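Keeping their order, the protein sequence lines are chains A and B. Counting from 1, one number per residue, gives the positions in the first sequence under the UniProt record's numbering. Counting from 1, one number per residue, gives the positions in the second sequence under the UniProt record's numbering.
One thing to keep in mind: the hints can contain errors.
Claimed, not checked - Covered stretches of chain B (in silico footprint by chain A; criterion: 3 or more residues with CB under 8 Å from a CB of chain A, positions within the stretch not fixed):
{"no.": "1", "segment": "13-25"}
{"no.": "2", "segment": "60-73"}
Stated by the list, open to error - Cut-off 20 Å, straight-line C-alpha distance, at most; resulting in silico cross-link-like pairs (SDA-like, lysine to any residue):
{"no.": "3", "chain 1": "B", "residue 1": "Lys192", "chain 2": "B", "residue 2": "Asp208"}
{"no.": "4", "chain 1": "B", "residue 1": "Lys123", "chain 2": "A", "residue 2": "Gly3"}
{"no.": "5", "chain 1": "A", "residue 1": "Lys233", "chain 2": "B", "residue 2": "Thr30"}
{"no.": "6", "chain 1": "B", "residue 1": "Lys52", "chain 2": "A", "residue 2": "Arg119"}
{"no.": "7", "chain 1": "A", "residue 1": "Lys247", "chain 2": "B", "residue 2": "Lys192"}
{"no.": "8", "chain 1": "A", "residue 1": "Lys247", "chain 2": "A", "residue 2": "Gln237"}
{"no.": "9", "chain 1": "B", "residue 1": "Lys52", "chain 2": "A", "residue 2": "Lys89"}
{"no.": "10", "chain 1": "A", "residue 1": "Lys7", "chain 2": "B", "residue 2": "Thr118"}
{"no.": "11", "chain 1": "A", "residue 1": "Lys6", "chain 2": "B", "residue 2": "Ile119"}
{"no.": "12", "chain 1": "B", "residue 1": "Lys123", "chain 2": "A", "residue 2": "Asn5"}
{"no.": "13", "chain 1": "A", "residue 1": "Lys233", "chain 2": "B", "residue 2": "Gly69"}
{"no.": "14", "chain 1": "A", "residue 1": "Lys233", "chain 2": "B", "residue 2": "Glu92"}
{"no.": "15", "chain 1": "A", "residue 1": "Lys247", "chain 2": "B", "residue 2": "Lys154"}
{"no.": "16", "chain 1": "A", "residue 1": "Lys6", "chain 2": "B", "residue 2": "Gly109"}
{"no.": "17", "chain 1": "A", "residue 1": "Lys89", "chain 2": "A", "residue 2": "Leu168"}
{"no.": "18", "chain 1": "A", "residue 1": "Lys233", "chain 2": "B", "residue 2": "Met144"}
{"no.": "19", "chain 1": "A", "residue 1": "Lys247", "chain 2": "B", "residue 2": "Ala120"}
{"no.": "20", "chain 1": "A", "residue 1": "Lys319", "chain 2": "A", "residue 2": "Phe29"}
{"no.": "21", "chain 1": "A", "residue 1": "Lys7", "chain 2": "B", "residue 2": "Ile119"}
{"no.": "22", "chain 1": "A", "residue 1": "Lys6", "chain 2": "B", "residue 2": "Lys123"}
{"no.": "23", "chain 1": "A", "residue 1": "Lys247", "chain 2": "B", "residue 2": "Glu143"}
{"no.": "24", "chain 1": "A", "residue 1": "Lys247", "chain 2": "A", "residue 2": "Ile220"}
{"no.": "25", "chain 1": "B", "residue 1": "Lys52", "chain 2": "A", "residue 2": "Arg120"}
{"no.": "26", "chain 1": "A", "residue 1": "Lys89", "chain 2": "A", "residue 2": "Ile220"}
{"no.": "27", "chain 1": "B", "residue 1": "Lys123", "chain 2": "A", "residue 2": "Tyr124"}
{"no.": "28", "chain 1": "B", "residue 1": "Lys154", "chain 2": "A", "residue 2": "Thr283"}
{"no.": "29", "chain 1": "A", "residue 1": "Lys247", "chain 2": "B", "residue 2": "Met106"}
{"no.": "30", "chain 1": "B", "residue 1": "Lys123", "chain 2": "B", "residue 2": "Glu143"}
{"no.": "31", "chain 1": "B", "residue 1": "Lys195", "chain 2": "B", "residue 2": "Glu71"}
{"no.": "32", "chain 1": "A", "residue 1": "Lys247", "chain 2": "B", "residue 2": "Ser145"}
{"no.": "33", "chain 1": "A", "residue 1": "Lys233", "chain 2": "B", "residue 2": "His114"}
{"no.": "34", "chain 1": "B", "residue 1": "Lys141", "chain 2": "B", "residue 2": "Lys154"}
{"no.": "35", "chain 1": "B", "residue 1": "Lys123", "chain 2": "A", "residue 2": "Lys89"}
{"no.": "36", "chain 1": "A", "residue 1": "Lys247", "chain 2": "B", "residue 2": "Glu71"}
Hints are computed from structural coordinates only; laboratory data are not their basis. Computed from a predicted structure; not experimentally measured. C-beta atoms are modelled at their ideal positions from N, C-alpha and C, and glycine is treated no differently.
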Amino acid sequence: MLGLNKKDTSLLIIVGLLTLLAPFILNPFPEGSAMAQFNAGYPDLMQRFVIFGILAIGFNILFGLTGYLSFGHAAFLGVGSYSAVWMFKLLSYNIIPAIALSVVVAGLFSLLIGFVSLRRSGIYFSILTLAFAQMSFALAYSVLSNPKFNLTNGETGLQVYADDPQILQGANAPDLPHLFGLPMRATYTMDVGAWSFDFNAGYYLCAVIMMVVFYLSIRIFRSPFGMMLRAVKSNQQRMNYTGLNSKPYTLAAFVISGMYAGLAGGLMAAMDPLAGAERMQWTASGEVVLMTILGGTGTLIGPVLGAGFIKYFENIFSKINDNVLHGWFAFLPDGLEDAVVFLIHPFIGKGWHLTLGILFMLVVIYLPGGLVEGGQRLLNRLKRKKTGTDDAPSGKTEPAE
Amino acid sequence: MAILRVKDVSKRFGGLRALTDVNLNVEENTVHAIIGPNGAGKSTLLNCLVGKLMPDTGSVLFDNSSVLGLEPFQINQMGISRVFQTPEIFGELTVMENMLIPIFAMRDGAFRMHAYETIANEKAVVEQAEAMLEEMNMADKREMSAASLSRGDKRRLEIGMCLSQNPRLLLLDEPTAGMARADTNNTIDLLKQIKDERDITIAIIEHDMHVVFSLAERITVLAQGAPLVEDTPENIRGNPKVREAYLGEAA
Chain A
1 MLGLNKKDTS
11 LLIIVGLLTL
21 LAPFILNPFP
31 EGSAMAQFNA
41 GYPDLMQRFV
51 IFGILAIGFN
61 ILFGLTGYLS
71 FGHAAFLGVG
81 SYSAVWMFKL
91 LSYNIIPAIA
101 LSVVVAGLFS
111 LLIGFVSLRR
121 SGIYFSILTL
131 AFAQMSFALA
141 YSVLSNPKFN
151 LTNGETGLQV
161 YADDPQILQG
171 ANAPDLPHLF
181 GLPMRATYTM
191 DVGAWSFDFN
201 AGYYLCAVIM
211 MVVFYLSIRI
221 FRSPFGMMLR
231 AVKSNQQRMN
241 YTGLNSKPYT
251 LAAFVISGMY
261 AGLAGGLMAA
271 MDPLAGAERM
281 QWTASGEVVL
291 MTILGGTGTL
301 IGPVLGAGFI
311 KYFENIFSKI
321 NDNVLHGWFA
331 FLPDGLEDAV
341 VFLIHPFIGK
351 GWHLTLGILF
361 MLVVIYLPGG
371 LVEGGQRLLN
381 RLKRKKTGTD
391 DAPSGKTEPA
401 E
Chain B
1 MAILRVKDVS
11 KRFGGLRALT
21 DVNLNVEENT
31 VHAIIGPNGA
41 GKSTLLNCLV
51 GKLMPDTGSV
61 LFDNSSVLGL
71 EPFQINQMGI
81 SRVFQTPEIF
91 GELTVMENML
101 IPIFAMRDGA
111 FRMHAYETIA
121 NEKAVVEQAE
131 AMLEEMNMAD
141 KREMSAASLS
151 RGDKRRLEIG
161 MCLSQNPRLL
171 LLDEPTAGMA
181 RADTNNTIDL
191 LKQIKDERDI
201 TIAIIEHDMH
211 VVFSLAERIT
221 VLAQGAPLVE
231 DTPENIRGNP
241 KVREAYLGEA
251 A
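Looking at chain A on its own, in the form it has when it is part of the complex (with noise of 0.2 Å):
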């Protein structure tokens, strides 16, 4: 289908199918009941599942199949959020130029970083691209905001003010964020006993655009222009003396992964109207990476189910705090109860990205090929399993009963 083989036609049905279902998948808990706590299924972190893995499929195009380790995309995030704030701020709240300015915008932006960065490679490329991310986030920051020349309003971060032209907002026009006519906020509520499921259309409308650009970084991986890039990661030296070029193939992966991380930027901004600059600092950039390597690097699913793994322990993590862990421990003795919530409380809240540092680490080390890997060895052993107990006698000899 669509060009593709069969293997790749099912896995975008399946990841099509979970966008498609997330507002039921991840709300698994009726209201009010005491797991409500790990439900995802509220439109505002729907929205952010999709826009990272977004931003991690297209990071993942540079890094998975070059090898360069980018450790500037916040930069070309950043800069697509500016971007689209600037079409809501001069044109309309339509969100249809302001993502298409925020992805040229970001692969201009891509070009002119990676035509410099890609004069080095491995750590000295790495390097480059965060220098260059912290200098942007310095520019947004403090120098393109001040009063004669103000691009991206400092530490307030870009919005829209009343007294901005918005040329082509019409009157009717909803005041915030649509697609012409349909606010992104729109949320439709759906009560099923217990449980509430909500549809939103800023939610669908970013899964519909990932779904796309999933499409297309697949068929980027099938394509001979795929297998180059891989060719560069494997063997540079090979690929200059068989003819290639690699500079261009990567400065093309550099861009085309930019303008991912561009788009992500520019729903950002149709999401909630806002940019600050703190969306371009290089945590923002180590994010991806990790998102990419926790999920799986160089393959096709791996990425997204980073993002989506990250932002969901960001989320739930984040939100338990010492009153809840009383809660789960209070069948424990006093002491202990206070010793256990003690023992866990660096790690919940604002900590918790301790917690997610332990999970990296456990994924690198004992998995190095990310959740894809665990789940193709989960696969495996629960296919052993059937067949050895079907027939053939497995390597290990289990003794009679």
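For chain A, the structure is supplied; the task is to place chain B on it using the hints.
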């Protein structure tokens, strides 16, 4: 006619004169070996031919056009393919993909953004790659990762990748270095077959005299960065100067 002309090429590394006024003509459709003791400048010379090193003086003409100052990929596009001392292949890719890449490179040039095509639809390229794998007797290994091949198979694959581009000049840098006897003989047979079946010029740098004397039609002996003699294998074998420089006085 000489397809490759090296004229007065010199190269210094600091105080070391790696090459001094090297002159060398490789005739079309011959197998030309360049031999010499360690440190004679064989590898430096080769690197000057493929764009890795820039000689200080002199000129290198391939088919009457200069290759100096060109990038390795540009020199390859002119029709020179290089086989490395340790096989340089795309280890993480499959054998088939290894074979596809040089064919794409020959068809599409140094860069093409074919991001929305599928490899399976490129029937002509796939067929060509399959034929080349067949010729190299590697068709049964097409889905293996190239890194998992044996040393001899890696060498075969690398030579196949170079040949798939129909180069006019094939440069081989010690193609049997570190190989077991059986693999060495296989490689010699393969090279003989290539030489017989194709219009191709082969320049080979080699330590192993067995390989040199089984293949070469002309031999240039380098010693201390300068050509000592150039002659047919028969004459080289009996040349006392060569014996002294190459094999040491005791021999």
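Tell me, which hint numbers fail for this structure? 1, 5, 7, 9, 13, 15, 16, 19, 23, 26, 27, 28, 31, 32, 35
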